[in-house]
Amino acid sequence: MSFTLIRSAAGAALLAVLAAGCGTAVTAQHAAAGGHQHRAPIHATVTAPASPAIAPASPAIAPASPAIAPASPANPIPQGNGGDQDADNNGGPSDGDGNI
Amino acid sequence: MATATSSRRPRGRHLLAVLAALAAIAAAAVAFALPGRSPGRAFPPLLPAAAPAGWPHLTLPSGTAVLSYPPALRPVTGDTDAVSAAQVSPNKAFRLYLNATPRQGEEQPRGWAAFRLRLLTGDDAASARELAAAQGVKFRGGTGSCVIDQYVTRIGAHHYQEIACLVQGRTSASVIVAAAPAATWAQASPLLLQAVAAYQVR
Chain A
1 MSFTLIRSAA GAALLAVLAA GCGTAVTAQH AAAGGHQHRA PIHATVTAPA SPAIAPASPA
61 IAPASPAIAP ASPANPIPQG NGGDQDADNN GGPSDGDGNI
Chain B
1001 MATATSSRRP RGRHLLAVLA ALAAIAAAAV AFALPGRSPG RAFPPLLPAA APAGWPHLTL
1061 PSGTAVLSYP PALRPVTGDT DAVSAAQVSP NKAFRLYLNA TPRQGEEQPR GWAAFRLRLL
1121 TGDDAASARE LAAAQGVKFR GGTGSCVIDQ YVTRIGAHHY QEIACLVQGR TSASVIVAAA
1181 PAATWAQASP LLLQAVAAYQ VR
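Chains as they are written, first to last, in the working numbering: chain A, 1 to 100; chain B, 1001 to 1202.
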């Protein structure tokens, strides 16, 4: 009886470990796929700024997320000189407004 | 006595097995709860420093932040409560872009990177992806959360790379954006990061 219970517990442990491995593998695969879609050859330079104002200080570093934001906003600001008619509604870089 | 000992041993083994199973399940739960464990791109460290002599300044109309920009850039028009400077090519393409805007909506230091990407795709980008992010970044007069990302505009399909930081000062928060075409980010980023490091909030 107790031997059966031990076997059951061991089985559960094995399943849990296998499930963890699968989850990690799926995450890694997703990251690889996400990073591949828009990769540009100059990304690595982000990590090596050469400005005198930049020094090896230590802000809390968060890992990059490979997630790609969805391209289907529910209520997008009209482009082609829409919205507030600033540069980012005409193909220019996006400003820092809060979209309100 | 012997009987009591022999009945205690299986119970102990049983307990041990259950504990091992629980530990394994906990390990599995942790593995599932940390999906971003894959090594990410490192965020470039920023050391707040005054802008070099000769750099012009633009103060937000609210007076809550000062954007310093390299002399190669010129002020450009934008939102009425914001300031912007850019270097634009003769064919009207943006080479360097800086912008400072007061916090307007639900921007928060926590989750800033995700917010910024959602905002990009909700406004002017067909797609956007995060390259690196950091919290607790020191600024002159405050602390910020930053994200480095790339996006493609819906108009013209221009590929830009940017660093966008939500910076909290003593009395107010604002956003600084520094961007350049993704293809020239390597050359542009030292100057842009220097401008970000010189950003002053109040």
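Honestly, I wouldn't trust all of these hints.
Over 12 Å on every C-beta distance to chain A, these chain B residues come out as not near it, computed from the model [claimed, not checked]:
hint, residue
1, Gly1054
2, Pro1071
3, Gln1104
4, Gly1141
5, Thr1171
Residues of chain B clear of chain A, computed beta-carbon distances all greater than 10 Å [claimed, not checked]:
hint, residue
6, Pro1056
7, His1057
8, Leu1058
9, Arg1074
10, Ala1082
11, Ser1089
12, Ala1125
13, Val1177
Okay, the calculated beta carbon distance ranges per label pair [what the hints assert, rightly or not]:
hint, chain 1, residue 1, chain 2, residue 2, range
14, A, Gly98, B, Ala1053, 32 to 42 Å
15, A, Gly98, B, Thr1171, 32 to 42 Å
16, A, Gly98, B, Thr1077, 28 to 38 Å
17, A, Gly98, B, Ala1126, 14 to 24 Å
18, B, Gly1054, A, Gly98, 24 to 34 Å
19, B, Thr1059, A, Gly98, 12 to 22 Å
20, B, Pro1090, A, Gly98, 14 to 24 Å
21, A, Gly98, B, Gly1063, 16 to 26 Å
These are computed hints drawn from the structure, not numbers from a lab. C-beta atoms are modelled at their ideal positions from N, C-alpha and C, and glycine is treated no differently.
Status of each hint after checking the structure:
no., hint, verdict
1, Gly1054, "holds (14 Å)"
2, Pro1071, "holds (15 Å)"
3, Gln1104, "violated (3 Å)"
4, Gly1141, "holds (16 Å)"
5, Thr1171, "holds (18 Å)"
6, Pro1056, "holds (16 Å)"
7, His1057, "holds (15 Å)"
8, Leu1058, "holds (13 Å)"
9, Arg1074, "holds (13 Å)"
10, Ala1082, "violated (6 Å)"
11, Ser1089, "holds (12 Å)"
12, Ala1125, "violated (7 Å)"
13, Val1177, "violated (5 Å)"
14, A:Gly98 to B:Ala1053: 32 to 42 Å, "holds (34 Å)"
15, A:Gly98 to B:Thr1171: 32 to 42 Å, "violated (18 Å)"
16, A:Gly98 to B:Thr1077: 28 to 38 Å, "violated (19 Å)"
17, A:Gly98 to B:Ala1126: 14 to 24 Å, "holds (20 Å)"
18, B:Gly1054 to A:Gly98: 24 to 34 Å, "holds (32 Å)"
19, B:Thr1059 to A:Gly98: 12 to 22 Å, "holds (20 Å)"
20, B:Pro1090 to A:Gly98: 14 to 24 Å, "violated (33 Å)"
21, A:Gly98 to B:Gly1063: 16 to 26 Å, "holds (19 Å)"
The structure shown violates the earlier hints numbered 3, 10, 12, 13, 15, 16, 20.
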